[in-house]
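Colleague: Chain residues, written in single-letter form:
There are 2 protein chains.
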Amino acid sequence: MSLSESRRAVVLVSGGLDSATTLALSIKEGFEPFALSFDYGQRHRYELAAANRVCASLGVKHHSVVPLDLRIFGGSALTDNIDVPKDRSEEELTTGIPITYVPARNTIFLSVALGWAEVLGATDLFIGVTAVDYSGYPDCRPNFIEAFCRLANIATKSGVEGTVSWQVHAPLINLTKADIIRQGLSLGIDYGITHSCYDPDSNGHACGRCDSCAIRLRGFSELGINDPAIYVPAHPQNESTRN
Amino acid sequence: MSLSESRRAVVLVSGGLDSATTLALSIKEGFEPFALSFDYGQRHRYELAAANRVCASLGVKHHSVVPLDLRIFGGSALTDNIDVPKDRSEEELTTGIPITYVPARNTIFLSVALGWAEVLGATDLFIGVTAVDYSGYPDCRPNFIEAFCRLANIATKSGVEGTVSWQVHAPLINLTKADIIRQGLSLGIDYGITHSCYDPDSNGHACGRCDSCAIRLRGFSELGINDPAIYVPAHPQNESTRN
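Top to bottom, those sequences are chains A and B. Mapping of the first sequence onto this note's numbering: residues 292 to 534, in sequence order. Mapping of the second sequence onto this note's numbering: residues 292 to 534, in sequence order.
The set of hints was computed from the structure by calculation and includes no laboratory data. Every residue gets a Cβ at the ideal spot worked out from N, C-alpha and C, and that includes glycine. Watch out, some of these pointers could steer you wrong.
Unchecked claim - Now the stretches of chain B that chain A is said to cover, found in silico as 3 or more residues with beta-carbon under 8 angstroms:
1) 356–365
2) 472–484
Stated by the list, open to error - In the BS3-like style, the derived pairs of lysine-lysine whose C-alpha atoms are separated by at most 30 angstroms in a straight line are:
3) 448/A - 319/A
4) 319/A - 352/A
5) 377/A - 352/B
6) 352/B - 319/B
7) 319/B - 448/B
8) 448/A - 377/B
If we strip away everything but chain A, and leave its shape as in the complex, we get (with noise of 0.2 angstroms):
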């Protein structure tokens, strides 16, 4: 599809592993993407940074950052001052929904993206939630990216009017954490550039111990490669990517 024929999407973008794969495949199949990423007063609020640098080395040509502060309710250990769990097991992992929840956040992105998409002409959405090697909440999974689509069709001008079909990609959504490593490299993505940890230090290195780096790290690991990204001194990832 040459660029002429490209056709606008908006784009979750936090800055992550998973969303800047999905980035990078919304332009593969052939998008223009418009990024968003949300200031949601999140305590790893450093992602927004790779979001940026996501973008750029993607060469995205529009990015919004909305600030909207979900502390104003808090309730997740994102949002809140409650500590972001550690080091936890492999069934604690894949039991039930953790603490690092955000109440409805999925939900509140995807509608605000649905707004800009009206306005821009779009009817395609990408978020780049897993449901296989995540945390287990909800906003994450397939029958809730249905319903958000059934919902945008009913919830919009263009939708009502029939003159569009809305489409929300989630293209990871079936993927090991593995697998979408392996789709973006070969991609060209730089992994060093994002920031998936929860719970940052104040250079912005990941703990390599919250549920988000661990998963991330498992993803490398059963790779056979290390993961770039910097993690705090005392991690051992950081010898391996120093060897």
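Dock chain B against chain A, hints included.
Modeller: Then chain B, alone, in the frame of chain A:
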């Protein structure tokens, strides 16, 4: 229902006639309302002062005003440099979706309400939409409310764990504007403190000519009573109020 038995609900309160009535109805139904307003870059930001007055007059203890600037994408006469339509005919008022439609607004507002409600342990949301005497906005219709409710039960921790069933209350949805006013008056609402106009003057006085004013004025007219809101000096409604 005694106060100790009251359940929490998040109620969207714009400061207009409909949301004031909805707030009063939520209280009548025994809920403890947590009022939610948005400072979204609306042309008629004056409505936020009305939202404060409405909450105070109904004894609401919790009222959050969330800054979320939808001018980032604009595309509506309420959030962009687009004239608000005035003096539209009955046929124009009841045909199509006007330029005052704010893309995805109610989806965004309900999503934030959903997040706040989940943290509060609430499972009820109230929104003052009506699909009778209205501007034809898609996100005011019954199937939108149903689709959002379905989404809420999939998108949230409490929903997927099956511990609760979300309810999105839209008690005005099948009422005419006159019926809404009649109900509100029976609940003791002072509509003089509400604000509906899309394009008030610098004193916050209603224009009397936008769609929102037109629909409101017709509602009062059908009941044979004067709208106690203050209109711009040149508007004939003022004369009737003074007389």
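Colleague: Against which earlier hints does the structure fall short, listed by number upward?
Modeller: 2, 5
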